[in-house]
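Given these sequences and hints, build the entire structure.
Position 207 of the sequence shown, counting from 1, maps to 207 under our numbering, and the rest follow consecutively.
Since the hints were derived computationally from the structure, they do not count as laboratory data.
Treat each hint with caution, since some may be false.
[Unchecked claim] Derived DSBU-like pairs: lysine-lysine, alpha-carbon spacing no greater than 30 Å straight-line:
no., residue 1, residue 2
1, Lys62, Lys156
2, Lys156, Lys218
3, Lys218, Lys22
4, Lys62, Lys22
[Said to hold, decoys possible] Simulated restraints on C-beta separations:
no., residue 1, residue 2, range
5, Leu85, Glu203, 37 to 45 Å
6, Val160, Gly134, 18 to 26 Å
7, Gln202, Ser83, 30 to 38 Å
8, Asp216, Glu37, 28 to 36 Å
9, Asp86, Arg23, 46 to 54 Å
10, Trp176, Gln55, 33 to 41 Å
11, Glu87, Pro119, 41 to 49 Å
12, Gly65, Asn214, 35 to 43 Å
13, Lys218, Gly139, 19 to 27 Å
14, Asp59, Phe91, 20 to 28 Å
Positions of the beta carbon are idealized from the N, C-alpha and C atoms, including for glycine.
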Amino acid sequence: MNILITGAGRGIGLELAAFYAKRHQVIATVRNPRHGEALGALRVQVQHLELTQHQSILDLAKTLGDTPLDLIIHNAGVLHAESDLDEVDAFNFAHSIQVNSLGPLLLTQALLPNLLATPTRKLVFISSMMGSMGDNGSGGYYSYRASKAALNAVAKSLAVDLAGDGIKVGLYHPGWVQTDMGGPRALIDTQSCVAGLTARIQELDAAHSGRFLNYDGKPLPW
1 MNILITGAGR GIGLELAAFY AKRHQVIATV RNPRHGEALG ALRVQVQHLE
51 LTQHQSILDL AKTLGDTPLD LIIHNAGVLH AESDLDEVDA FNFAHSIQVN
101 SLGPLLLTQA LLPNLLATPT RKLVFISSMM GSMGDNGSGG YYSYRASKAA
151 LNAVAKSLAV DLAGDGIKVG LYHPGWVQTD MGGPRALIDT QSCVAGLTAR
201 IQELDAAHSG RFLNYDGKPL PW
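As structure tokens, then:
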């Protein structure tokens, strides 16, 4: 299989790249060239991608050409530290939307022909419980919550709109993971997270498409 993973230079993305590179052809995108150094030991193709720039998305699509993509994993994301109302910043809010929700939508749009060129046709979005309305009992983190809620809406609509093309859409919360974003106090390591995510991706079919699930398979509230 040919698999594209965004934000693959560190954290969950790097662990996903390491897992799939043992079995498949992986195209790993990074925003910062420095993050690509961690991929050097893996047998992957590294490509630059800046999700806030539409031209960068189009350039990636042009570089890939007619390369078939069996699986696209939208993993890249950003979290701005805005835990309180007085910390909300207009630039950070817009940046969160661009990276966490609009970017994945535009990338899906650009790479749809590549996805349709294979029989597998799996489209995966790494979301967050913080995008859940039903689970929000603590407030705060306005830009991150809003951007992940928007991503959930994007993924759900894609699951509906692309079902006729045989495209299966997975939408997963990776857990609270020990990464630069999750911090050292997080509950699980990247290996446990990726073991769960890859199991969910493996079982992704038409019946599971468009559902919001935890990395361990538990259904989550919207």
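Tested hints:
no. : hint                          : in the structure
1   : Lys62 <-> Lys156              : holds, 27 Å
2   : Lys156 <-> Lys218             : holds, 17 Å
3   : Lys218 <-> Lys22              : holds, 27 Å
4   : Lys62 <-> Lys22               : holds, 26 Å
5   : Leu85 <-> Glu203: 37 to 45 Å  : holds, 40 Å
6   : Val160 <-> Gly134: 18 to 26 Å : holds, 20 Å
7   : Gln202 <-> Ser83: 30 to 38 Å  : holds, 36 Å
8   : Asp216 <-> Glu37: 28 to 36 Å  : holds, 32 Å
9   : Asp86 <-> Arg23: 46 to 54 Å   : holds, 48 Å
10  : Trp176 <-> Gln55: 33 to 41 Å  : holds, 35 Å
11  : Glu87 <-> Pro119: 41 to 49 Å  : holds, 47 Å
12  : Gly65 <-> Asn214: 35 to 43 Å  : holds, 36 Å
13  : Lys218 <-> Gly139: 19 to 27 Å : holds, 23 Å
14  : Asp59 <-> Phe91: 20 to 28 Å   : holds, 24 Å
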